[in-house]
Amino acid sequence: MQFFGGGSLTSVAPEVTPSPAAPPGTGTGANAQVLYVFNRNGVCLLYREWHRPLHTLDPTQDHKLMFGLLFSLRSFTSKIDPTTAEKGNLGVPLLPGQGCSFYSFKTNTYKLNFMESPSGIKLILITHPRTGDQRDSLKHIYNLYVEYVVKNPLYAPGTPIK
Amino acid sequence: MALAAIYSLFIINKSGGLIYYKDYGSAGRIDTNDSLRLASLWHSMHAISQQLSPIPGCTGIDLLQAHNFDLHCFQSLTGTKFFVVCETGAQNMETLLKVIYELYTDFVLKNPFYEMEMPIRCELFDLNLAQVIHKYRVALLGR
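These protein sequence lines are chains R and Y, in that order. Residue numbering for the first sequence follows UniProt numbering, beginning at 1 and increasing consecutively. Residue numbering for the second sequence follows UniProt numbering, beginning at 1 and increasing consecutively.
Bear in mind the hints are in silico, worked out from the structure with no lab data behind them. All values reported here derive from a predicted model rather than from experimental measurement. Cβ atoms here follow ideal geometry from the backbone N, Cα and C, with glycine treated the same way. Take these hints with a grain of salt, some might be off.
Unchecked claim - Covered by chain Y, according to a simulated footprint, are these stretches of chain R (three or more residues, beta-carbon under 8 Å):
| no. | stretch |
| --- | --- |
| 1 | 63 to 71 |
| 2 | 144 to 150 |
To be verified - Chain Y stretches covered by chain R per the calculated footprint, using a threshold of three residues with CB under 8 Å from any CB of chain R:
| no. | stretch |
| --- | --- |
| 3 | 39 to 45 |
| 4 | 61 to 70 |
| 5 | 89 to 97 |
Turn these sequences into a full structure, and let the hints steer you where they fit.
Structure follows, in structure tokens:
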């Protein structure tokens, strides 16, 4: 367990948005909780942080880097997949369902959970490294997105969610 | 019972170049150029993941879980990366990577004819690596 900057970092209350409650025991010390939602063109539709001690880049750069990383990672996993013989070339843009995709990666400080819907909506949830499989949580978030955002007649697709 | 099959092993030097690649049973054959590209791609993504960390002190991706495989990565203190593509849910891959790192230090770095950061062409390393992988597989399948 890593302790940063000493002292107690109290959790930041989530803004009133259609998002699930933060898991228990979060928002203190070294736990990060961040959510990104991107559409298939790389527009960041939603960015929420419940706890983020370190901001390395400004928000636009951060979103671009995140999207770029996921885009390349998908290309990478699709190519390195040992279970399928037929692989496309690296660098070819992949359709949402095409090729093997990853659902999470873990580092020593955070865990990134990822889900891509067939329409190309990418959900990214950053959590504590020891969090379990979050695929169901991501599906839940996606369902909320469908219910409240897509079905909202006043929402224009491709624009950030307000 | 999950058979923790190892599909392939990559070793990347500190600049991101591939210095060793061994395939143990992937369905599709990856040719040399592609393996080089994949290695550099991994090196860059490892670095980017450190930049995106919301918490200071990130050392890069340790484990990548995909639908068809898992990828375990180990980075030494000098920046050499060892990563292994294996079946989902494989156990003890971190130990295996550390053992491979030990073999690397013993048979590659201590080899007076080996040039740093160059592709690994050391017989003893290959031999011992094959032994370790075989032992590892037998140990898992025997359980």
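Hints versus structure:
{"no.": "1", "hint": "63 to 71", "result": "holds (count 4)"}
{"no.": "2", "hint": "144 to 150", "result": "violated (count 0)"}
{"no.": "3", "hint": "39 to 45", "result": "holds (count 4)"}
{"no.": "4", "hint": "61 to 70", "result": "holds (count 9)"}
{"no.": "5", "hint": "89 to 97", "result": "violated (count 0)"}
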